[in-house]
Amino acid sequence: MAKIRFAISSELENVALVDNCVYTLIHQRTNCALIADKLQLCVAEWLTNVIEHGYAMRTGHPIELTLQFKGELLEMSIRDQGRPFSLANLEQAYVREFDPRDIDNLPENGWGLYLIKSCINSFDYRREGNNNILFITQNLQQSPEQCESCRDEKGREGENNGC
Amino acid sequence: MDLKIETTPAYSLVHFSSGRLDAANAPEFRKQMQELINQGNNVLILDLASLKFIDSSGLGAIVATLKMLKEEGELLLCGANHTVLQLFKLTRMDRVFKLYPDVRGALEALK
Chain A
1 MAKIRFAISS ELENVALVDN CVYTLIHQRT NCALIADKLQ LCVAEWLTNV
51 IEHGYAMRTG HPIELTLQFK GELLEMSIRD QGRPFSLANL EQAYVREFDP
101 RDIDNLPENG WGLYLIKSCI NSFDYRREGN NNILFITQNL QQSPEQCESC
151 RDEKGREGEN NGC
Chain B
164 MDLKIETTPA YSLVHFSSGR LDAANAPEFR KQMQELINQG NNVLILDLAS
214 LKFIDSSGLG AIVATLKMLK EEGELLLCGA NHTVLQLFKL TRMDRVFKLY
264 PDVRGALEAL K
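So the protein lines, in turn, are chains A and B.
So for the first sequence, the working numbering puts the first residue at 1; every next one is plus one.
So for the second sequence, the working numbering puts the first residue at 164; every next one is plus one.
Misleading hints may appear alongside valid ones.
Said to hold, decoys possible - From the structure, some residues in chain A lie toward chain B, with a derived Cβ separation under 10 Å:
1. Glu45
2. Leu90
3. Gln92
4. Pro107
5. Leu115
To be verified - Some chain B residues near chain A, calculated using beta-carbon distances under 8 Å:
6. Ile168
7. Glu169
8. Thr170
9. Thr171
10. Ala173
11. Ser175
12. Asp185
13. Ala186
14. Phe216
15. Gly223
16. Val226
17. Gln249
18. Arg255
19. Val259
Said to hold, decoys possible - Straight-line C-alpha distance at most 20 Å; calculated EDC-like pairs for lysine to aspartate or glutamate:
20. B/Lys252 - B/Glu234
21. B/Lys252 - A/Glu13
22. B/Lys194 - A/Glu128
By construction, these hints were calculated from the structure, which means they are not laboratory data.
Glycine residues also receive a C-beta, built at the ideal position from the N, C-alpha and C atoms.
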């Protein structure tokens with residue numbers, strides 16, 4: 001299947017344009033809201049990171065996402081020209097422990113990399129010339145257990161998730 | 164940020180209209196919640212039924228609202244769909260918030 005390419009400039013308002021399309025494409029392909037949700041979240045978190053930290057909120061800079069289905073595999077890459085991230089930060093991202101009763105000290109941020117990591121099967125991140133590229137590979141085939149766990153939950157349109 | 168707010172003597176009920184709470188509109192949401200709390204409304208019900216998508220910045224804004232309310236206030240969330248609930252579970256914030264299936268459930272919990 002041909003590659004699908006999205007190009008936006010570095011404004012937070014543009015993130016939804018891309019992640020909504022990613023959701024729609026993956027949901028159409030898999031009929032699974034769970035996996036489409038996860039990949040939409042992954043894309044939204046990464047694009048936001050790039051804009052907020054890579055480009056330090058400077059507008060007008062390029063971000064490009066390409067997406068290609070290969071059978072049950074999805075290959076996706078997100079390219080930018082901002083300040084690069086450390087691959088180690090992404091590899092080591094974890095959800096911080098906190099006391100749910102200690103309201104004053106609840107975390108308000110810092111989940112982004114952990115969410116990206118927890119939503120996808122595998123990733124790589126590297127610099128090529130002036131470009132930073134996040135490569136994502138995702139198996140779109142859900143295991144029977146995963147399907148079972150979300151079968152009765154309501155998806156975003158109030159319908160079952162199509163499993 | 165397009166919010167519809169119904170205020171009664173006992174609580175304020177906040178409905179999302181935009182369908183999305185993310186990094187682009189979370190600062191505006193925080194500001195509106197701060198204004199609501201500053202006006203003396205310290206029991207808030209957030210009706211998430213219209214929210215189709217939330218990212219970690221949106222979640223951070225909801226956590227910030229809880230902190231603004233301090234101990235004398237109360238924050239109840241209701242109507243979250245699977246997409247929204249998933250984020251609460253992944254970040255373990257489902258251990259912090261009172262999540263109800265709908266507005267009626269949240270109102271009954273207040274009684």
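- Unmet hints by their number, sorted upward, for this structure: Hints 2, 3, 6, 7, 8, 9, 10, 11, 20, 21, 22 are the ones this structure does not satisfy, whereas the remaining hints hold.
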